[in-house]
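*Asks:* Heads up: the sequence lines are chains E and D, in that order.
Residues 1 to 566 (the UniProt record's numbering) are what the first sequence spells out, left to right.
Residues 1 to 566 (the UniProt record's numbering) are what the second sequence spells out, left to right.
For the record, the hints were derived by calculation from the structure and aren't laboratory data.
Built from N, CA and C at the ideal position, the CB exists for glycine as well.
Treat the hints with caution; some may be incorrect.
[Stated by the list, open to error] Okay, the calculated beta carbon distance ranges per label pair:
| hint | chain 1 | residue 1 | chain 2 | residue 2 | range |
| --- | --- | --- | --- | --- | --- |
| 1 | E | D363 | D | D270 | 25 to 31 Å |
| 2 | D | D270 | E | G94 | 20 to 26 Å |
| 3 | D | D474 | E | P392 | 52 to 58 Å |
Protein chains: 2
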Amino acid sequence: MSEPVPQQAQAFNTAAEAAAAAPAPAEGAADVAAGPSKSELKKRAKEAEKARKAAERAAREEEEKRAREAKEAEDHAKQNYGKLPLHQSQERNGQVRIKFEELSEAHVGQRVIFRARLHNMRPQGAKLVFLAFRQQTHTLQGVLALSKENDEHQVSKQMLKYAQLIPTETIVLVEGVIKSAEVKSCTITNYEVGVQKLFTAVEVGALPFSIDDAARPEADFERRDENLQFSRVALPTRLDNRVMDLRTPTNQAIFRLQSAVCHYFRNYLDSQNFIEIHSPKLQGAATESGASVFKVSYFNGTAFLAQSPQLAKQMAIAGDFERVYEIGPVFRAEDSNTHRHMTEFTGLDIEMAIEEHYHEVVDTLDSMLLAIFRGLKEKHAHEIEVIRKQFPCEEFLFLEKTLRLPFKEGMKMLREAGATDSEGNPIGEMDDMSTENEKFLGRLVREKYKTDYFILDKFPLAIRPFYTMPDPVDPTLSNSYDFFMRGEEILSGAQRIHDPTFLAEQMKKVGIDPSSMSGYLDAFKLGAPPHGGGGIGLERVVMLFLKLGNIRRASLFPRDPKRLSP
Amino acid sequence: MSEPVPQQAQAFNTAAEAAAAAPAPAEGAADVAAGPSKSELKKRAKEAEKARKAAERAAREEEEKRAREAKEAEDHAKQNYGKLPLHQSQERNGQVRIKFEELSEAHVGQRVIFRARLHNMRPQGAKLVFLAFRQQTHTLQGVLALSKENDEHQVSKQMLKYAQLIPTETIVLVEGVIKSAEVKSCTITNYEVGVQKLFTAVEVGALPFSIDDAARPEADFERRDENLQFSRVALPTRLDNRVMDLRTPTNQAIFRLQSAVCHYFRNYLDSQNFIEIHSPKLQGAATESGASVFKVSYFNGTAFLAQSPQLAKQMAIAGDFERVYEIGPVFRAEDSNTHRHMTEFTGLDIEMAIEEHYHEVVDTLDSMLLAIFRGLKEKHAHEIEVIRKQFPCEEFLFLEKTLRLPFKEGMKMLREAGATDSEGNPIGEMDDMSTENEKFLGRLVREKYKTDYFILDKFPLAIRPFYTMPDPVDPTLSNSYDFFMRGEEILSGAQRIHDPTFLAEQMKKVGIDPSSMSGYLDAFKLGAPPHGGGGIGLERVVMLFLKLGNIRRASLFPRDPKRLSP
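In isolation and in its complexed conformation, chain E is listed as follows (with noise of 0.2 Å):
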């Protein structure tokens, strides 16, 4: 299209002009002056009269064939189908448009209005085309068929061409009937639409893949059946396409469950007097560690891009928030190219003071990953079907009360099942644990405990951030921990020193120069109650919930050191 300009909708219908104005027929022979023989004269009038009789019969046919094309040419339908002009809110007529996941028996009987992607067609012979319409999850059977007779609401042949030349993807405007069928090919099973009108609303260009082989389980491309055609589309082909590739039922559902971890996380938040803070991505100075820190040109200076919103949310803390959330970009300069890390990711972070013991943490980060997957197994069951589909996994165990583990004791349970470190040798009981004795230990308490959500407790000292509060008795260990999905980490965290002096201290043992954080150090001079937190990957929450196999799959745009777009 390419003028804004408002045009008609009957403009396809080009055909439909040219109605006969069938010439009048060559009536009678007429006289004849005087000349020839009589039987010369009976000979010609013979002939006259065959010749007059034939054009009679080829005016007649003549006359039969243009009728004929003329009704046929003529269009009934041609209200009821065609291409829309360019929306630009030409009228609002309040008009209710459905969506395919109210439908309920209410309907049946009922004309419904809706706007959906056509998903596929296929015609059966020249009356009757089947179509699938698409709204995110859930496609509905639509059934044109030739009118018999001429009603406001016919289908036409021409109806019918036209509806087979509308490309899969199209966005349609469809007027029908509801009615109760048994439907195989739709995820909607016992309503299908009878289709009286059928609008092209918006055009597509080419397509990159079809939906259904983009939601192809992985399992078709292992089946040896000579009969099965199809294409697989890889992963950076989908991400290239995104666009596309979010089409697919399998990604609606995963976007929507990733906005339900957000929506139950704050949730549970907000019941406990939290509140959610919004801390500045950039910054003076590189935290934490500078080597992984994005650089940013600041006017005529440097920014870097926060790692997390540790250091703020501890001044919010300072700040006397007392509980404070945030969701948020997190941004690691780190050139792995791994299934697992992004450059960009969302991080679902909080920090609390405490009154009387860091448990007091732990407890409220476990009722709130609680709370997300309740809330997901009871209220999403539909989205997590769907996904299951394209991405089978057993089902996500946790139990009513969570597992509880101190660090030694998970290293015990590896030791005895014959871990060991990389180099082979037993591993220690204050040994760092490795990402591949972490799966395992995921293993052996899901057999042990069936549960696949479990917590670590008191991590060696040594092992964690400088930050982080000691044992009050153990001076090796800490009041740390981390928490586990499937055998991987998605949340860490722990008590932080908040004493200035203290902490200077173990910045020194750690190499790093007191004076370089001072920022951080002024805060906690000013007193901060004593306090803790910890720190979740939004997507890898959603990955490992879902077994997606990679992360990418969990990110609406995908970031990491080979991709910037879309």
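Use these hints to put chain D onto chain E, whose structure you have.
*Replies:* Relative to the frame of chain E, chain D by itself:
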């Protein structure tokens, strides 16, 4: 504090040892050998007797003095005050600690425990100290009175002395009994706490300014009263010491209100089937206008920080998510040093598919803002009241049914009121509206319609971005709108052009090479439904609702061209 090992609560009680073991009195002068004269002897005996008595008296006095001192030194209250050891989560007793905001009649006569800041202190002679304890926006009066008897809740002279030396802002742990009272100097006016235990939980260093000074209304500085003495805390000083500044009741309230704005924003949109998205802030190309975009070093290349989620949310619509919102940071590399510009702020963005008319979007945005205003007014009256003490202003007016003015109508009102352009000429109805005239219009509208909130609709196409959908009838107008609060624009939005061919033409008209935005165009080539949306600046809404006068006051840790910390 230099060591993380637990210390005794009585550590400060250094004077309490040394209970006097009084020496036995020197008794008897004993026998004397023969020698001197009788009178001499008599004299000597007299003197000896005198000396003996003097010694006895001295000893008795000494004994009394020591006993008195010992009694005074003995501190039966030593278990009731002192410095707590570093909080390392030593124990968890499930101690219930109250929040001042929970205090009610039911607490009268009850013993309570709470953690608070020492807000200030007023000694009244040697036997009484008034303390004010602070929790966020609330202060509670504490009374520390010397006990007459010894009991377990005794308050000793030493305890009184200890209390008087605690610096303000120290975090204290207090135990006491709630009493009914009439209090003028605290926000809680009907209760006070009779303090029985008072421990220092977290000490503070030197303070940059006092909370009282930081919370003082501007009007105080305008009072010409020679007896008044206090310091004015300049905004840069506040921002340099933001952690301290954030503790004022005003700031405690401002950021609770800011959090509430996001809460109502999401609550309303969730109820309308929106989903929350998180779009990447790292972009491969500079969008919209390259001049005001921050550059990021991205491994061996360059990335840019997103100026808005405009492109991403439109792609989400093309990706069939129908209705999306995002709350996230927005970056503007503009060297503007004004009261209303920051280089990073929080964008509240929405985008939605349109069925019939872009006024569906206007309706949604309007209902969402009304939900925010009503929520703040109905459920955050306390916070608003606290803020008004420092920043007094007229109540924010809004109507049950929001005023919607056509742009031309707004210009007409301005013209009739004598508004001129920057050169003093009368304004034309299709001119751009200057910031000054926006404010003027806000005053005119408030006067005429009694509202601080209204919508201008149908802006001239020429003054809107290239992707704005033209009006279907008048090609010089557009399907676009701005929302205003107190005469300042808080939301700008429009129906967007969803047709790629038309979009490319509009780009060319404003001098943008369509190939430079091929990623943007590609999304529409795959077919996007008609859609529209808008973006709000969170800090701006908060600033204008509360009339804070400077956007930095509505930002936790503001960023501008000259400020990157804390």
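*Asks:* Next, verify each hint and record whether it holds.
*Replies:* Here's how the hints hold up against the structure:
For the hinted restraint 25 to 31 Å between D363(E) and D270(D), the CB-CB distance of approximately 27 Å keeps it satisfied. Between D270(D) and G94(E) the beta carbons are some 24 Å apart, a value that agrees with the proposed interval 20 to 26 Å. Checked against the given bound of 52 to 58 Å, the beta carbons of D474(D) and P392(E), roughly 55 Å apart, stay inside it.
In this structure, none of the earlier numbered hints is contradicted; all agree with it.
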